[in-house]
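Listed below are the residues making up each chain.
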Amino acid sequence: ETGVTQSPTHLIKTRGQQVTLRCSSQSGHNTVSWYQQALGQGPQFIFQYYREEENGRGNFPPRFSGLQFPNYSSELNVNALELDDSALYLCASTQTGIGYTFGSGTRLTVV
Amino acid sequence: RKEVEQDPGPFNVPEGATVAFNCTYSNSASQSFFWYRQDCRKEPKLLMSVYSSGNEDGRFTAQLNRASQYISLLIRDSKLSDSATYLCVVNLSSGNTPLVFGKGTRLSVIA
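Sequence order for the protein chains is D and H.
If you read the first sequence in the numbering used here, its first letter stands for residue 6, the second for the next number, and so on.
If you read the second sequence in the numbering used here, its first letter stands for residue 2, the second for the next number, and so on.
Treat the hints with caution; some may be incorrect.
[Stated by the list, open to error] Only some residues are given here: those of chain D computed to face chain H with a beta carbon under 7 Å:
#1 Ser38
#2 Gln46
#3 Gly47
#4 Phe50
#5 Gly61
#6 Leu95
[Stated by the list, open to error] Per label pair, the in silico range of CB-to-CB distance:
#7 Ser53(H) <-> Thr114(D): 39 to 49 Å
#8 Phe61(H) <-> Leu72(D): 35 to 45 Å
#9 Asn82(D) <-> Asp40(H): 27 to 37 Å
#10 Ser27(H) <-> Glu59(D): 21 to 31 Å
#11 Glu4(H) <-> Glu59(D): 15 to 25 Å
#12 Asp89(D) <-> Ser27(H): 45 to 55 Å
#13 Ala43(D) <-> Ala112(H): 26 to 36 Å
#14 Glu6(H) <-> Asp89(D): 18 to 28 Å
#15 Leu72(D) <-> Lys80(H): 41 to 51 Å
#16 Ser29(H) <-> Gln22(D): 39 to 49 Å
#17 Ser50(H) <-> Leu72(D): 25 to 35 Å
[Claimed, not checked] One side of the interface only, derived from the structure: several residues of chain D facing chain H at Cβ under 10 Å:
#18 Gln11
#19 Val24
#20 Pro48
#21 Gly63
#22 Phe65
#23 Ser91
#24 Gly110
For the record, the hints were derived by calculation from the structure and aren't laboratory data.
A virtual CB, placed ideally from N, CA and C, is assigned to each residue, including glycine.
Given these sequences and hints, build the entire structure.
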């Protein structure tokens, strides 16, 4: 059984650019959540997908968007990057009634 | 008021010490409670779930007081390997609703 994998592990982008982060959920998990963790803070919920539909969103602007695919993998897209978007982006998958499994994250630096 | 608040830390303790982490949550509808451990520049990992009856796992004891909306984690006989950030986490249900994290409390166990 594979865990949650995220790619890339590290990324440097310029302010104003767009970025796509990817996540492969754990086998059998149909729900994927994305979190942003700024330095020294706890993870903040961005949004969640269940069977390809967004079913929850945190307090993030529309330039943060996502997708979930039929195999339950997911993407997080961020447009018009700002310096404050620099953070560790975590993907977590779950199946209803079972705990969350986190990927090792993508560390995004916006310069 | 933040949804989940933790001791600000950091805690610096000698090996063998007992250390307690405290956490309060604001949403009385919260149903599930956890402590996660996060090592530097790594993803959060589930340490233990927290139940109203209290639960223990080796040197770790977690307590929940629903009336006070308070959660605690006690680590006895601290080891160097316990050095990490401890995150208090709540969930509105036991299903696939997003996790709400506290800011975390950093623990350094010193030889």
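Comparing the hints with the structure gives:
For Ser38(D), the interface hint holds, since its Cβ comes within 7 Å of a Cβ in chain H; the closest pair sits about 6 Å apart. For Gln46(D), the interface hint holds, the least distance from its beta-carbon to any beta-carbon of chain H being 6 Å, beneath 7 Å. Checking Gly47(D) against chain H: minimum C-beta separation of about 3 Å stays under 7 Å; hint holds. The interface hint given for Phe50(D) is met, as the beta carbon of that residue sits about 4 Å from the closest beta carbon of chain H, less than 7 Å.
Interface restraint check for Gly61(D): the shortest CB-CB distance to chain H comes to about 6 Å, inside 7 Å, so the restraint holds. For Leu95(D), the shortest C-beta to C-beta distance to chain H is roughly 6 Å, which falls under 7 Å, so the interface hint holds. In this structure the hint that Ser53(H) and Thr114(D) lie 39 to 49 Å apart at CB holds, the actual value being about 42 Å. The hinted range of 35 to 45 Å is satisfied by Phe61(H) and Leu72(D), whose Cβ atoms lie roughly 38 Å apart.
Asn82(D) and Asp40(H) have their C-beta atoms about 28 Å apart, which keeps the hinted 27 to 37 Å range intact. Separated by about 25 Å at the C-beta atoms, Ser27(H) and Glu59(D) satisfy the suggested range of 21 to 31 Å. At roughly 21 Å, the beta-carbon separation of Glu4(H) and Glu59(D) lies within the given 15 to 25 Å, and the hint holds. The hinted range of 45 to 55 Å is not satisfied by Asp89(D) and Ser27(H), whose Cβ atoms lie roughly 25 Å apart.
Separated by about 31 Å at the C-beta atoms, Ala43(D) and Ala112(H) satisfy the suggested range of 26 to 36 Å. Evaluation of the 18 to 28 Å hint for Glu6(H) and Asp89(D) yields a pass: the beta carbon distance comes to about 22 Å. With their beta carbons about 43 Å apart, Leu72(D) and Lys80(H) fall inside the hinted range of 41 to 51 Å. For Ser29(H) and Gln22(D), the hinted distance range of 39 to 49 Å is satisfied, since their beta carbons lie about 42 Å from each other.
The supplied range of 25 to 35 Å is met by Ser50(H) and Leu72(D), whose beta-carbon atoms lie about 31 Å from each other. The beta carbon of Gln11(D) is positioned within 10 Å of a beta carbon in chain H (closest approach about 9 Å), and the interface hint is therefore held. Hint status for Val24(D) relative to chain H: violated, with the closest Cβ pair at about 19 Å, above 10 Å. Taking 10 Å as the C-beta contact cut-off toward chain H, the hint placing Pro48(D) at the interface holds, the least distance being around 5 Å.
Nearest Cβ of chain H to the Cβ of Gly63(D): about 7 Å, under the 10 Å cut. The hint holds. Annotation: interface hint on Phe65(D) violated; nearest CB of chain H at approximately 12 Å, more than 10 Å. At about 14 Å, the closest approach between the beta carbon of Ser91(D) and any beta carbon in chain H exceeds 10 Å, and the interface hint on this residue is violated. Because the beta carbon of Gly110(D) sits about 5 Å from the nearest beta carbon in chain H, less than 10 Å, this interface hint is met.
In this structure, the earlier hints numbered 12, 19, 22 and 23 are contradicted, and the remaining ones agree with it.
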